[in-house]
Amino acid sequence: MSGRPLDVLEGALAQTVTVRLKDGDTVYGQLSGYDQHMNVVLDADDSVIDEAVLGDPTAEPIEDTTIIRGDNVVSITV
Amino acid sequence: MSGRPLDVLEGALAQTVTVRLKDGDTVYGQLSGYDQHMNVVLDADDSVIDEAVLGDPTAEPIEDTTIIRGDNVVSITV
Amino acid sequence: MSGRPLDVLEGALAQTVTVRLKDGDTVYGQLSGYDQHMNVVLDADDSVIDEAVLGDPTAEPIEDTTIIRGDNVVSITV
Amino acid sequence: MSGRPLDVLEGALAQTVTVRLKDGDTVYGQLSGYDQHMNVVLDADDSVIDEAVLGDPTAEPIEDTTIIRGDNVVSITV
Amino acid sequence: MSGRPLDVLEGALAQTVTVRLKDGDTVYGQLSGYDQHMNVVLDADDSVIDEAVLGDPTAEPIEDTTIIRGDNVVSITV
Amino acid sequence: MSGRPLDVLEGALAQTVTVRLKDGDTVYGQLSGYDQHMNVVLDADDSVIDEAVLGDPTAEPIEDTTIIRGDNVVSITV
Amino acid sequence: MSGRPLDVLEGALAQTVTVRLKDGDTVYGQLSGYDQHMNVVLDADDSVIDEAVLGDPTAEPIEDTTIIRGDNVVSITV
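Protein chains in written order, with UniProt numbering: chain A, 1 to 78; chain B, 1 to 78; chain C, 1 to 78; chain D, 1 to 78; chain E, 1 to 78; chain F, 1 to 78; chain G, 1 to 78.
Hints are computed from structural coordinates only; laboratory data are not their basis. Warning: the hint list may mix true and false statements.
[Said to hold, decoys possible] In silico lysine-lysine, DSS-like type, Cα no more than 30 Å apart, as pairs:
(1) F:LYS22 x A:LYS22
(2) B:LYS22 x E:LYS22
(3) C:LYS22 x G:LYS22
(4) F:LYS22 x C:LYS22
(5) E:LYS22 x A:LYS22
(6) A:LYS22 x D:LYS22
(7) F:LYS22 x G:LYS22
(8) D:LYS22 x F:LYS22
(9) A:LYS22 x G:LYS22
(10) B:LYS22 x D:LYS22
(11) C:LYS22 x B:LYS22
(12) B:LYS22 x F:LYS22
(13) E:LYS22 x G:LYS22
(14) C:LYS22 x A:LYS22
(15) G:LYS22 x D:LYS22
(16) C:LYS22 x D:LYS22
(17) E:LYS22 x D:LYS22
(18) B:LYS22 x G:LYS22
(19) C:LYS22 x E:LYS22
(20) A:LYS22 x B:LYS22
(21) F:LYS22 x E:LYS22
No experiment lies behind these values; they were computed from the predicted model shown.
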């Protein structure tokens with residue numbers, strides 16, 4: 001199981017991640033926490049984000065600390 | 001897992017939170033309780049809320065103590 | 001977790017509650033029981049209900065003792 | 001939790017109950033069994049049912065012993 | 001819980017049962033097995049079935065041994 | 001529970017099975033593994049398949065070893 | 001249960017896999033991790049992929065390390 005999903009999240013703490021949701025929205029922010037259900041906490045990301053880096057030009061920034069319930073998550077790009 | 005989702009909810013008790021629901025509605029109120037399923041209890045918030053602060057001008061205020069079942073929650077902004 | 005969801009339900013026993021369902025219906029009745037899945041039992045409420053108090057003029061009264069399965073519940077206003 | 005949902009089902013054994021399903025159908029029959037998932041068994045009900053008593057004129061009678069899987073149930077009126 | 005759902009399935013082994021699925025299809029066959037998730041195994045039923053007996057003229061016969069995953073089941077008529 | 005669903009899968013190992021999916025697709029291949037969630041592994045089936053035998057002329061063959069997650073499965077015909 | 005689904009994933013580590021998602025998208029990348037929920041981690045795959053080999057000409061490459069939550073997965077072709 002090398003490089004397990006939760007290990008990858010642990011390694012992404014304090015980094016910018018892009019979260020694709022089941023309702024079609026994509027958001028990005030700084031990963032500040034998560035749990036075993038893949039519930040995640042995103043903080044506003046003050047760094048300048050190059051949208052090309054995000055890989056998804058439609059991604060919206062998180063503006064306030066937000067908990068996303070894991071069952072809405074399609075994927076998390078780190 | 002630093003800053004885990006339930007820890008963030010614990011820290012937001014008695015504060016105004018905005019809850020986005022799977023049916024597209026967004027509501028806000030004062031967080032008065034929660035549990036491990038992310039079921040939350042919101043009370044009416046008597047403070048004057050600056051909608052700009054909420055980040056979502058379509059958010060509706062909770063008018064009476066309301067339990068929201070966790071499986072309807074997309075995200076909680078604290 | 002102060003004011004946890006199930007504690008709020010316990011405190012609402014024998015009171016009128018309004019239950020919003022995932023299919024869009026909203027019903028109200030007297031809460032006579034619940035369990036840890038948020039399955040609830042509503043009885044007909046013989047008191048005169050002021051719809052303004054319910055907060056939702058489209059809410060329909062429960063006419064006979066009804067068990068609502070918890071996974072249909074969006075929210076319960078107490 | 002007084003009057004818990006499963007206790008109400010226990011009390012309704014051998015009585016006519018009306019079950020509303022997630023697909024919009026409503027059926028009625030004599031409750032002959034249930035389990036903790038709210039799976040229920042309905043038998044044909046030979047008594048003459050006054051539809052006004054059922055509260056739902058669109059309810060269809062169960063004609064043969066039928067197991068309804070609990071995750072299809074919206075509500076059970078006893 | 002008298003006449004519990006799984007007991008009713010146990011009693012229906014080797015008999016013709018009609019299974020209504022969430023996708024709207026209804027199938028019938030001889031019940032040859034089941035488990036606690038209400039996954040069921042149906043075999044082709046070589047007896048002549050009187051559709052009036054099935055209660056559902058749209059029911060389709062199972063032609064080869066088929067496992068139906070329980071979470072697709074709305075109801076099983078025995 | 002005679003002829004339980006997982007026993008039927010065990011007996012079908014190395015045989016051609018037809019899997020109907022919730023999205024409407026039907027695929028067939030040689031069953032090379034499964035687990036208790038009804039996740040299944042299908043391999044390409046090099047034998048000549050008579051579509052009449054499959055019972056479903058729209059079934060598509062699996063071309064490379066494929067894991068199907070169990071919660072997508074409607075039924076498995078063996 | 002020979003050739004169980006998770007064993008097949010274990011054997012596919014560091015190889016190119018194609019993942020079909022419930023929203024209709026299909027993506028491919030190098031499998032770098034997974035867990036028991038079939039959450040998977042895909043890395044960008046720098047090798048030249050012959051689309052004929054993928055079996056699905058609509059499959060999109062993963063461009064950055066991405067965690068896909070298992071409940072979105074229809075199938076994984078290895």
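Subject >> Hints that the structure is at odds with (numbers, increasing) >> reply: none
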